[in-house]
Amino acid sequence: MYNIVESDKTKEIYLDYAALAPIDKGVLRKMLPYFDSKYGNPSSLHKNGRRARQALEKARGKIAQMINALPEEIIFTSSGTEADNLALIGVARANRGRGNHILISAIEHKAVLEAAKFLEKEGFEIGIIPVDQYGMIDVKKFLTLVKKETILISVMYVNNEIGTIEPVQILASILKKINPNHRPLFHVDACQATNLMPLDVNELGVDLMTINSSKIYGPIGVAVLYKKIGILLEPLMVGGEQEKNVRAGTENLPLVIGFAEALKKTVKIRKIEYQRFKKLETYFTKKLKEKIPNVLFNGHPQNKIPSTVHVSISSIEGESAILMLDNYGIRASTGSACSTFDLRPSHVLLAIGQDPDLVHGSIRFSMGRSTTKKDLNIVLRVLPKIVDKLRGISALTIKKDENQKNKKE
0 MYNIVESDKT
10 KEIYLDYAAL
20 APIDKGVLRK
30 MLPYFDSKYG
40 NPSSLHKNGR
50 RARQALEKAR
60 GKIAQMINAL
70 PEEIIFTSSG
80 TEADNLALIG
90 VARANRGRGN
100 HILISAIEHK
110 AVLEAAKFLE
120 KEGFEIGIIP
130 VDQYGMIDVK
140 KFLTLVKKET
150 ILISVMYVNN
160 EIGTIEPVQI
170 LASILKKINP
180 NHRPLFHVDA
190 CQATNLMPLD
200 VNELGVDLMT
210 INSSKIYGPI
220 GVAVLYKKIG
230 ILLEPLMVGG
240 EQEKNVRAGT
250 ENLPLVIGFA
260 EALKKTVKIR
270 KIEYQRFKKL
280 ETYFTKKLKE
290 KIPNVLFNGH
300 PQNKIPSTVH
310 VSISSIEGES
320 AILMLDNYGI
330 RASTGSACST
340 FDLRPSHVLL
350 AIGQDPDLVH
360 GSIRFSMGRS
370 TTKKDLNIVL
380 RVLPKIVDKL
390 RGISALTIKK
400 DENQKNKKE
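In terms of numbering that gives the first Met the number 0, the sequence shown has 257 at position 258, counting the first letter as 1, and numbering is strictly consecutive.
It is worth saying that the hints were derived from the structure and are not from the lab. Values in this document were obtained by computation on a predicted structure and should not be read as measured data. Worth double-checking, as some hints may not be accurate.
Lysine to aspartate or glutamate pairs mimicking DMTMM-like chemistry, simulated, CA-CA at most 25 angstroms apart [what the hints assert, rightly or not]:
#, residue 1, residue 2
1, Lys-264, Glu-56
2, Lys-267, Asp-23
3, Lys-270, Glu-250
4, Lys-29, Glu-202
5, Lys-120, Asp-131
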């Protein structure tokens, strides 16, 4: 068994970009004047208010242009979770006269899952779209689940845990063949896709789409719900006429400015970053296979974003591995940050048919702009030692050994 020694300790290596990316310094510089010299409520009629309104609408226009939408189709919210809730609950309530059936995939983010459960209590019927062993939606099965009462379908573009890219364009094209007078609306959570995938709403064929600033090196506390013109949506918050009466409350102008700037840089470097991550992913997965016996890689082998490497390692507890990695300056996670304090097995890994014991040994490494091959080499030096140590003391190892012994007897 290897021993982890003091010399293994290193500078911080952050590999949890899927949970949160640090704010880009250029983005922060753009924001700062709006906290101080350019302050003003965009709803005020005086000079400061008019200036703030002009800046708000300019940022809205920039974001709209970058996803090929109209400015009036952009709704600012406080988070991706709020945007998802607004898309599901707001659309469901406003379109109840057309039907009461909603479809979501089995591996959605908790923001969508919990919103669906909430709607179930209001009398809506929720259908679950199954996925295969890689987390990919089966298009043929999907088609059989759509009913005449279906009013809304929500599918994430890229899974936040395992990185699988869903065939949203194909699903959208299928839905468009349904009677346009009674076609289900299509919502896509694109929070994990924005860094690396094109987000042209017309090419994707979506009716609603969520994107989040904090995943793309923008500020925390602002997100966007794209809502195609003409779609009915009931507000979840009242008390103001902001965002075209859809989302009450004074718009957070500095954060909106930051979001627009962050998206601008993201779009500019997206293709270059994709190729860089692809090289890092290929190297990292190859070395992990060599150094750790019985490591399982989760996510689709081809249709997956390369910045996320999600593994399941037998006979260890993922949480223990994360804490030990953390002690050596390596910041990783077991999956969604929104489920960190939920000790139940990952619903994503269970949905792809993984054994519950193996699910508990999952670790997600999500790379970002600052990630280098040198960083990954340090992980490759430390992680095998941690795995050996945990396997040596794991109840799962003892259980496995006992089962093998019983089989021999």
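Right, here's what the structure says about each hint:
no.	hint	in the structure
1	Lys-264 x Glu-56	holds, 19 angstroms
2	Lys-267 x Asp-23	holds, 14 angstroms
3	Lys-270 x Glu-250	violated, 32 angstroms
4	Lys-29 x Glu-202	violated, 30 angstroms
5	Lys-120 x Asp-131	violated, 28 angstroms
Of the numbered hints stated above, those contradicted by the structure are hints 3, 4 and 5, listed in ascending order.
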